[in-house]
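**Q** If you want the building blocks of each chain, they are given just below.
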Amino acid sequence: MNLARAAGVLLVVAASSAVSAQTARPPLRWGGDAEGGAPFVEADPANPAGVRGFDVEIAGMIARGLGREPRFVQVAWASIEASVERGDFELGMSGVEDRPELRARHAVTIPYFEFREVLAVRPADKARFRRVEDLAGHRVAALGGTTAYQILLDAQKNIGVIPISYDDDVHPYSDLVAGRVDAVLLDNIIAERSLKRSGGFVIQPLPTATGHYVAVLAHANGALRDSVDGILRDRMRDGSLEKTFRAWGVWTPDQAQYFQRALADAPKASAPAAPASGTALVYLPALLRAALVTLTLSCLAMALAVIAGIAIAAGRVYGPPILRVLLTAYVEVMRGTPVLLQLFVIYYGLSGVIRLPAFAAAVLGLGLNYAAYESEIYRAALEAIPRSQLEAARTLGLSEMQILRLVRGPQALRLALAPMTNDFVALLKDSSLVSVITVVELTKETAIYATNVGSWVVPGMLCALLYLAFSLPLSRAARRLERRWSTA
Amino acid sequence: MNDTLPVLPVVAVRELQMMRGGRTVIRRVSFDVLPGEICALMGVSGAGKSTVLRAIAALEPIGAGTVQVRDVELRAGSLPPESQLRALRGKVGMVFQAHSLFEHLSVLENVTLAPIHTLGWTAARANEVAAELLASLGVGARAAAYPRQLSGGEAQRVAVARALALDPLLLLMDEPTSALDPARRTSLGETLRALARQRRGLLVATHDVDFARAHADRVLVLADGELVEQGSADAVLSRPAHPGTRALLQGEGSASDAST
Numbered sequence: 001m002n003l004a005r006a007a008g009v010l011l012v013v014a015a016s017s018a019v020s021a022q023t024a025r026p027p028l029r030w031g032g033d034a035e036g037g038a039p040f041v042e043a044d045p046a047n048p049a050g051v052r053g054f055d056v057e058i059a060g061m062i063a064r065g066l067g068r069e070p071r072f073v074q075v076a077w078a079s080i081e082a083s084v085e086r087g088d089f090e091l092g093m094s095g096v097e098d099r100p101e102l103r104a105r106h107a108v109t110i111p112y113f114e115f116r117e118v119l120a121v122r123p124a125d126k127a128r129f130r131r132v133e134d135l136a137g138h139r140v141a142a143l144g145g146t147t148a149y150q151i152l153l154d155a156q157k158n159i160g161v162i163p164i165s166y167d168d169d170v171h172p173y174s175d176l177v178a179g180r181v182d183a184v185l186l187d188n189i190i191a192e193r194s195l196k197r198s199g200g201f202v203i204q205p206l207p208t209a210t211g212h213y214v215a216v217l218a219h220a221n222g223a224l225r226d227s228v229d230g231i232l233r234d235r236m237r238d239g240s241l242e243k244t245f246r247a248w249g250v251w252t253p254d255q256a257q258y259f260q261r262a263l264a265d266a267p268k269a270s271a272p273a274a275p276a277s278g279t280a281l282v283y284l285p286a287l288l289r290a291a292l293v294t295l296t297l298s299c300l301a302m303a304l305a306v307i308a309g310i311a312i313a314a315g316r317v318y319g320p321p322i323l324r325v326l327l328t329a330y331v332e333v334m335r336g337t338p339v340l341l342q343l344f345v346i347y348y349g350l351s352g353v354i355r356l357p358a359f360a361a362a363v364l365g366l367g368l369n370y371a372a373y374e375s376e377i378y379r380a381a382l383e384a385i386p387r388s389q390l391e392a393a394r395t396l397g398l399s400e401m402q403i404l405r406l407v408r409g410p411q412a413l414r415l416a417l418a419p420m421t422n423d424f425v426a427l428l429k430d431s432s433l434v435s436v437i438t439v440v441e442l443t444k445e446t447a448i449y450a451t452n453v454g455s456w457v458v459p460g461m462l463c464a465l466l467y468l469a470f471s472l473p474l475s476r477a478a479r480r481l482e483r484r485w486s487t488a
Numbered sequence: 489m490n491d492t493l494p495v496l497p498v499v500a501v502r503e504l505q506m507m508r509g510g511r512t513v514i515r516r517v518s519f520d521v522l523p524g525e526i527c528a529l530m531g532v533s534g535a536g537k538s539t540v541l542r543a544i545a546a547l548e549p550i551g552a553g554t555v556q557v558r559d560v561e562l563r564a565g566s567l568p569p570e571s572q573l574r575a576l577r578g579k580v581g582m583v584f585q586a587h588s589l590f591e592h593l594s595v596l597e598n599v600t601l602a603p604i605h606t607l608g609w610t611a612a613r614a615n616e617v618a619a620e621l622l623a624s625l626g627v628g629a630r631a632a633a634y635p636r637q638l639s640g641g642e643a644q645r646v647a648v649a650r651a652l653a654l655d656p657l658l659l660l661m662d663e664p665t666s667a668l669d670p671a672r673r674t675s676l677g678e679t680l681r682a683l684a685r686q687r688r689g690l691l692v693a694t695h696d697v698d699f700a701r702a703h704a705d706r707v708l709v710l711a712d713g714e715l716v717e718q719g720s721a722d723a724v725l726s727r728p729a730h731p732g733t734r735a736l737l738q739g740e741g742s743a744s745d746a747s748t
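Protein chains in written order, with the numbering used here: chain A, 1 to 488; chain B, 489 to 748.
Extracted from the complex, chain B is given alone in its bound form (with noise of 0.2 Å):
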């Protein structure tokens, strides 16, 4: 990289709005994620952070708007082809806020599942990838494991390390803290970091106020679906500016992991 460029974004979201049901979820949300950033997506249950991850992730054909990763850009109207698709998801890694790991697959075949059917490499090469992912989060001992075997924490970890087998640029991670004691925490705030350093753009929707402040870069918050507030964790989160700000750290403490 060559700091003179402009930095390009790993994913660049204009105007997007979201329709369910008739009823509009998301509406006129912009905002960047750059390369080596962590990104809090903010707000209370049912403020549409998910509905924001799953735009992105083109598990939802996408109102109004444009969602670009590099090269590839969804548009309005329904999900574009499937090698398109395939392109986009090359890039585009998420991690579930219940893991939705593959129950009849040990931990090692959940890793290497994608590089095998969608690289198309070796097992060989996969499982050798895979064992190198897993130990640096951790987890390289619970390879041969199945996933109703492992603690919550343990889950979370390969479910990254399953979404992380594809080396994407940007990691979508839907409410990661919302089963995790407060060492697991700043665990997962270090593994961020880490990824974070390989120039990964990280978007974690949440509503853990204390998370955010200790990790993110920059905090996105979002009131009914509209994006109100963005801007360093500690300038947002310190002196908030609108009052969906202000409920999200009045919840503080008191919110429940649900989302939408």
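The following block holds chain A by itself, in its conformation from the complex (with noise of 0.2 Å):
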């Protein structure tokens, strides 16, 4: 008796369980860069914590297809393979392209789109520039970890093309206009869009090749993906797909080319895995090359952070009023600021009045931001050397420079060694910020190579020690300083 009601019960629960499964599907969090924009993903003018674009509709799409509700997940968009293997959303689409080593690596979905890498230029080299064959030795721009990006690097090799990679895909075109860069390869969704936007470019008739967006899943999350194919192959039937691409103004006819291509094949196995070309020593000279712009960018900026800061720190100390104040009011501004909205600032907010090469503004960047924290390391080192010391010094006839130069400043770096050492260890790893002026150093790099290969496990660890390998040697030698000032 009494059993038989605890398996009533029993039942009762896993019945009720049952159906609230049923009723209450898990919505379909899916990953996309609102940053990207439209047609893609756009934050939406109507509704600013929505999103719309044609992959907002098409993820829409495909969780009706699946009987759930869709819920957008904004990530950044070089992140969306990483996250969605993660687990932090299900499908990763955002203009996400298909490669080789993508669909090693991942479930990914047929494609649902067929666009054109092409090649912008500025006007005036409409005839000389048709072809990335054309550029060699011309700085060609794209955004980095793309196929475009790819087809450049090949260019590289092949005929001395400069690549320049960006992390988004607004500056590209306007360096392009400004004459930071000769030409940018990328989408020609991206490209006409530019074009239509801010203009002062032709974009070249010719496709350099042709690449598709498709959605990424987990890896382990094939039985989703094949569903998620059978939606979309639907959705090019029965015209939703192209209605969407009409509306978002992106609809060509190669696209309903492709369409028929890709109903006719039979629903293919997944391309064949590209060789997750495999070993750390192919990648190890492109990281030594990043980490020597890694080191030469710290060198530089920390030379200009000490010069500066000497400079600002004197000035503070025996400069007249007017200019304590102005430097005072330097040093708040630097160091209450993000290094990386100076950065942003002086490499493109100021393009219209000085056009800097970004390794120069890089340096420029980081030297100027880190001068304001020396300049008070530099302060409190001098005001810390006794007044008997400066006294002494002036009793024996030295002028206020002179005793500046041959006892306070000598005295005050010692007192300085150590809070130096520790900014530049600092400013080393802070030099990782200037990828985003596209200067290619050792942390984008790493983050090249963990995308080619798919983990962040040896790249990662191979970048941890070469930042050791200029860092440790360096806290080694000022400690060594040190030890020696104090016996002395």
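I should point out that these hints are in silico values taken from the structure, not numbers from a laboratory.
Cβ coordinates follow ideal geometry from the N, Cα and C atoms, glycine included.
Be a bit skeptical, because a hint or two may be false.
[Stated by the list, open to error] Listed next, with one range per pair, are the computed distances between beta-carbon atoms:
| id | chain 1 | residue 1 | chain 2 | residue 2 | range |
| --- | --- | --- | --- | --- | --- |
| 1 | A | M401 | B | R511 | 29 to 35 Å |
| 2 | A | M401 | B | R502 | 31 to 37 Å |
| 3 | A | L323 | B | Q637 | 36 to 42 Å |
| 4 | B | R511 | A | G349 | 55 to 61 Å |
| 5 | B | P494 | A | L323 | 31 to 37 Å |
| 6 | B | Q637 | A | E383 | 25 to 31 Å |
| 7 | B | Q572 | A | K429 | 27 to 33 Å |
| 8 | A | M401 | B | P731 | 44 to 50 Å |
| 9 | A | A360 | B | R511 | 56 to 62 Å |
| 10 | B | D655 | A | R387 | 23 to 29 Å |
| 11 | A | L326 | B | R563 | 33 to 39 Å |
[As the list claims (entries may be wrong)] Partial pick of chain A residues on the chain B-facing surface, computed with a CB cut under 8 Å:
| id | residue |
| --- | --- |
| 12 | Q389 |
| 13 | E391 |
| 14 | S399 |
| 15 | V407 |
| 16 | T443 |
[Stated by the list, open to error] Stretches of chain B that chain A covers, calculated by requiring three or more beta carbons in the stretch to come under 8 Å of a beta carbon on chain A:
| id | segment |
| --- | --- |
| 17 | 567-581 |
| 18 | 589-595 |
| 19 | 598-610 |
Combine both chains into one complex, guided by the hints.
**A** Right under this line is the structure:
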């Protein structure tokens, strides 16, 4: 009797949970980058909390096909693949390009859109730069980690094109117009959108290559991928995809041809796994080159920071009140705002006034920012030198300038050494921020490498080892110098 | 020097007044120091001895009166321009109570710094003169050492050598005996006498009565910022006329080495 009752309760519980699972299926979490903008995914002007774009609509079709509600997850475009594998969301789609490495590492849907890589050049260069091959020795921009960037890397090896990697798709075109780069290679959709928005360049009619947008799922999620493929084919057949693409102004006759080809193909097995371009050794030369960039950049920026820092500190200790106020303001502004913002302002914001090369802007941005920190160290060190030392120097007839140079400065330097070492190590790491202004340094190169091999483990360790290879000997040398000074 | 002419003092202080934080700390002090003379500037702690030295060394602007070192005259108001200060500082050397040697420089470098950078000597010449000076003061063997490696007595002799490197007419010393044992005091007295024989004037701020009695030619007594008594060491210290001097003598032995 008791047993029967217990079984009955269990049955009821089981049934009710089955019902609730059916009525409330979990929403389909899909990830995209609203910073990528229209026509892919953009913040909805009518409802800033929501998003719109053709990727948004396609995600909606897929979710409904699965009987679920779509739920958007914002993610940085470059992190979509890593995030989907981590399980942050089930489906990543936001102009994600089909590539062999992508298929080797993740479950990837059939392409839902075919685009062309097109070359954008300044009007004056229309006749001379018609194809990538015409750009030997010239700077060509692309979005980092895309097929277009891969094409440029190949062109670098073969014909000496200089690839410039960007983290966003707006600045390549503004830099093209400004003359910082000579061409931009990107999707026709991005190119046409930029042309409409700002103009100032022409798009070469000759397509360089075609590519496809796909949705990406975690490697283990093959079953869901197959359902999504089925839904995408249905929407190709019933014309909903065409309708969406027309609404967003990206429908071309090519697209219709592509749909026919895609539907004619038997549901093909995912592309043969590309050899996940394996060993670390392949990437080591590129990492070492990037490490050299990091080191050079950090040393130059630190040199600037030290020189400017000394000048600021001297001005704050010895200068007239008005200079002190100005220098204090400089220090507070530079310390109080993100260095990332300062890099943007120097590289993009000032480009109307002075068009700095990216590397120079990086040195300047980091150097001027760290100068504020250095100046505080030097000021404190200068003020820590006992007054009696200065008075002794005065009674010997030394001028104030000589006292600073011969007595106060050298003694302050000994006090400043430890915090300076600290700052240099911090600068070494902060130098990774300059990838936002197209300088490919160690961390950026590691990210590219990690994207290619689909794992952060080996690249991350190599990258960390390289940073440590710079910072550890430096700290040691500083400690040794400190010991020598303290016994002296 | 011609003995028939009146001897020109190395420093002439007239009606000196010094203010600190709105308070008058030195009031109408006048005295001379002659070449070849060891003058002890005495008084209990807080009497204003160091302040007088600092005024003569132009480390602080003077409130009223004048300080004349040969052709350089300090007057009330802010410090004179650097060119005039330089002329003064070639003539006036100072040895601080804590010595204030430059910690980052070796003993030799401490001594050569001023000749090289204010007189424009070559390093070779400055090194040679400095080595002689250090040897004459008995610290020739410590030329390569750094200040923190020196004993108190050694550091003081190096500080004397540093001040003498510019060949000053007047040497100011602030409480030179405060960290010395009796043997070293005697040796310091001998050093001062040797310097006086070189026709230098020495003005030594001290509250050490025994030292003054043994080595000073003349004693100036400060009490509460006023010069209350002066004369030969013997006269002043044996027959004190002023309560301030008597207080100084009573405090003998128990006086702290602190100074203003």
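**Q** Compare the structure with each hint and give your call.
**A** Verification of the supplied hints:
Taken as a hint, the range 29 to 35 Å holds for the pair A/M401 and B/R511, whose Cβ atoms sit roughly 34 Å apart. For A/M401 and B/R502, the hinted distance range of 31 to 37 Å is satisfied, since their beta carbons lie about 33 Å from each other. Under the hint 36 to 42 Å, the C-beta atoms of A/L323 and B/Q637, about 40 Å apart, fit the expected range. B/R511 and A/G349 have their C-beta atoms about 56 Å apart, which keeps the hinted 55 to 61 Å range intact.
Judged by the Cβ atoms, the range 31 to 37 Å given for B/P494 and A/L323 is violated: they are separated by roughly 51 Å. Checking the proposed 25 to 31 Å range against B/Q637 and A/E383 shows it holds: the Cβ atoms sit about 27 Å from each other. Evaluation of the 27 to 33 Å hint for B/Q572 and A/K429 yields a failure: the beta carbon distance comes to about 53 Å. At roughly 48 Å, the beta carbons of A/M401 and B/P731 sit within the given window of 44 to 50 Å.
Between A/A360 and B/R511 the C-beta distance comes to about 58 Å, which sits within the given range of 56 to 62 Å. In this structure the supplied range 23 to 29 Å holds for B/D655 paired with A/R387, their Cβ-Cβ distance being about 26 Å. About 35 Å separates the C-beta atoms of A/L326 and B/R563, a value consistent with the hinted range of 33 to 39 Å. The beta carbon of A/Q389 is positioned within 8 Å of a beta carbon in chain B (closest approach about 6 Å), and the interface hint is therefore held.
Because the closest C-beta pair between A/E391 and chain B is about 5 Å apart, less than 8 Å, the hint holds. Hint on A/S399 holds. Least Cβ distance to chain B is approximately 6 Å, under the 8 Å limit. A hinted interface residue such as A/V407 counts as satisfied when its beta carbon comes closer than 8 Å to some beta carbon of chain B; here the least separation is about 6 Å, so the hint holds. Nearest Cβ of chain B to the Cβ of A/T443: about 39 Å, over the 8 Å cut. The hint is violated.
With 7 residues having a Cβ less than 8 Å from any Cβ of chain A, the segment 567-581 of chain B passes the three-residue criterion, so the hint holds. With 4 residues having a Cβ less than 8 Å from any Cβ of chain A, the segment 589-595 of chain B passes the three-residue criterion, so the hint holds. Requiring three or more residues with a Cβ within less than 8 Å of a Cβ of chain A, the coverage given for the segment 598-610 of chain B holds, as 4 such residues are present.
Going down the numbered hints, you'll see the structure goes against 5, 7 and 16, while the others check out.
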